[in-house]
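Asks: Each chain, written out:
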Amino acid sequence: MQLWLIPVFPLAGFLLNGIFGRRASKAFINTIAIGSVLLSFAWVLKTLLGLGDLTTPHIERYFTWIQSGSLHIGFDLAVDRLTAVMLLVVTGIGSIIHIYAIGYMAHEGGYYRFFSYMNLFMFFMLTLVLGANYLILFVGWEGVGLCSYLLIGFYFTKKFATDAGNKAFIVNRIGDFGFSLAMFLIVVQFGSLDFGTVFPAVPGKSEAALTTIAFLLLVGACGKSAQLPLYVWLPDAMAGPTPVSALIHAATMVTAGVYMVARSAAIYTHAPAAMEAVAIIGVATAFFAATIGLAQNDIKKVFAYSTVSQLGYMFLGAGCGAFSAGIYHLVTHAFFKALLFLGAGSVIHALGGEQDLRNMGGLRHKIPWTFWTMMCAGVAIAGVPPFAGFYSKDEILMAANHHAPWMYWVGVITAGMTAFYVFRAMFLAFFGKYRGEAHPHESPAVMTLPLAALALLSLGGGYIFKVPEFLAPLFPLAEEGHDLGPVLISVAAGLLGIGLAYLFYVARPELPDALVARIGGLYQLVYNKYFVDEVYGAVVVNPVVSGSREVLWKGVDVAVIDGAVNGVGSSARGIGGVLKLLQSGYIRSYALWVALGSVLLLIVMGVAGGLR
Amino acid sequence: MTGVPISWYLILSAVLFSLGVAGFLFRRNIITVFMCIELMLNGVNLSFITFSYHLKHVNGQIYSFFVMVVAAAEAAVGLAIILTVYKSRGTLNIDDVSSMKN
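As you go down the protein sequences, you meet chains S and Z in turn.
First residue of the first sequence? That's 1 in my numbering, and the numbers climb one at a time after it.
First residue of the second sequence? That's 1 in my numbering, and the numbers climb one at a time after it.
Just so you know, these hints were derived from the structure itself, not from any lab.
Check the hints yourself; a few may be wrong.
[To be verified] Computed from the model, here is a short list of chain S residues facing chain Z with C-beta under 10 Å: (1) Tyr586; (2) Gly597; (3) Ser598; (4) Leu601.
[Unchecked claim] Some residues of chain S that are not near chain Z, with every Cβ distance over 12 Å (derived): (5) Pro272; (6) Val560; (7) Ala564; (8) Ala595; (9) Val599.
Think of the CB as a built atom: it goes at the ideal place given N, C-alpha and C, for glycine as much as any other residue.
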């Protein structure tokens with residue numbers, strides 16, 4: 001079925017735009033960039049329709065990549081139902097966001113650079129989900145990390161943007177280190193990296209080995225999917241253009257960790273301790289990030305922490321054994337979070353670059369398309385039935401309730417906070433009186449139509465795409481029925497959050513300030529993101545920087561390495577300075593030295609001969 | 001080799017060589033220095049021949065032929081150089097021909 005064409009279309013787009021884009025017209029760049037992604041999407045649809053029900057994976061082997069001893073790693077791509085879901089999300093949402101970016105990036109410099117990076121990202125992301133072994137997955141995994149870095153630092157003349165890119169890249173290295181170790185262990189234990197070889201062999205392995213592998217994979221997933229304690233890069237990643245935030249840092253790349261955990265479900269189900277860790281990290285991240293999101297004033301930061309929090313939900317679902325629920329939430333989250341980001345981008349675009357919620361307000365009449373589509377995303381993420389977020393969040397919370405009730409309750413509280421902070425942002429931006437100076441204008445159709453498409457998906461996506469049923473051949477559905485009580489409670493938490501937000505930011509706008517005055521310390525703590533960045537800075541970053549500067553640079557590099565090199569040079573010069581005295585130019589003095597040398601040699605030989 | 005012991009030949013050879021070395025070191029006329037080099041070569045030749053005769057082995061004689069050939073070539077080249085030096089400098093004093101530096 002020519003699976004390789006799926007990632008190769010965007011790769012071709014990247015090469016064409018990357019090489020010729022600088023001198024090309026915008027029409028050319030648009031055609032190549034959007035066309036390649038749409039072609040990829042079309043090819044995904046054609047492939048999936050041609051492959052039938054996909055209850056068994058469809059594998060295509062192209063060539064041997066690495067052959068070393070008994071280790072064989074082929075360049076193999078595979079499609080099963082999990083991959084199919086991911087392919088549709090990546091190419092579908094990717095297409096929509098690419099189209100939106102035409103409008104959003106219209107006035108930005110580096111137009112061709114942006115689209116060629118976006119295409120490159122699509123290539124790596126599709127490689128990631130199509131890979132039939134861990135190494136191909138890892139290639140895509142690193143590639144999307146690279147593109148993330150390049151696009152976060154897209155505005156490379158701004159220091160905070162390049163810093164944020166570095167931060168994302170370096171924090172991800174920590175996670176990737178764990179992932180690499182996990183792959184080494186898998187090779188040691190299974191002698192292969194092929195999914196088709198590794199997973200059937202799992203039941204015969206010791207639990208200790210499997211737990212170690214699962215934990216190391218979890219470290220990798222925590223880095224990529226911004227979970228505690230490695231989540232710090234994602235909020236800063238919002239320095240990139242908004243379509244990047246929507247595509248890479250909300251809908252697709254950051255969910256790679258969830259995908260990887262779900263892909264490795266066979267290992268995790270045999271490593272209960274690691275499963276528990278996944279669930280605990282997930283629920284802790286969900287709660288922790290949601291509290292930070294409550295007090296942010298930058299509209300993109302709110303949604304960034306929301307993304308971290310929702311990724312926590314996905315981990316919670318996976319950790320409770322409901323992998324399909326995690327993937328379900330991944331899909332619906334891709335709909336509504338991409339929409340929230342694109343909507344935020346539309347707001348920012350309308351206000352000429354303003355991102356601070358305190359300088360917005362009253363925008364619902366001025367940019368109605370953006371307002372109504374974002375409202376759809378808002379009700380979806382808040383878990384209001386029957387919109388997309390309700391179904392997936394419900395699945396996760398049911399699994400959590402079945403697994404450990406305390407996780408369910410934390411999840412419910414988080415759901416309430418989620419509804420609150422999203423609607424806080426909505427109310428601050430769209431209700432009340434306009435507090436800024438710009439002249440808001442509605443975005444062009446090329447931006448509002450993608451918003452509308454995503455709004456439809458946010459509203460109906462959960463009902464239309466029954467992901468858990470689709471994934472049932474891979475992840476059997478839980479048997480326990482859905483109790484009405486817990487569902488109602490979580491829905492009530494969401495509605496309560498919306499109601500509180502309405503009370504605080506529309507009905508009684510003086511309340512938040514009064515509340516802040518009452519709980520000042522706690523507010524400061526949350527407002528400053530628990531000072532996590534400061535703590536990391538003091539504990540990790542500064543010691544590394546000053547250690548590098550004082551010890552490695554001034555100590556090792558200057559004193560030892562430079563000292564050795566310079567010492568060799570100056571000693572050669574010193575010896576030469578002595579020896580050059582011999583070069584007098586007088587033949588007879590040379591002859592004398594030769595004669596003396598011969599005599600010395602004779603003496604030495606005589607002594608040596610005598611000793612013998 | 002009745003009557004004359006091998007050591008006499010070797011001593012003569014050593015004396016010839018040492019005379020050559022001494023002349024090379026202490027004489028200033030280039031021609032003389034050149035002749036001293038020849039003297040050293042012939043001193044060595046003598047010991048080659050002596051050992052060849054004594055050990056009944058032909059190698060030493062062959063070596064001495066090599067030395068003679070090299071000495072002849074060296075004489076041709078060396079004398080040509082000396083002539084050129086004399087033409088350009090107008091002197092045969094070896095210490096005046098020390099312009100390697102600067």
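Asks: Hints broken by the structure, by number, lowest first?
Replies: Hints 2, 4, 8, 9 are the ones this structure does not satisfy, whereas the remaining hints hold.
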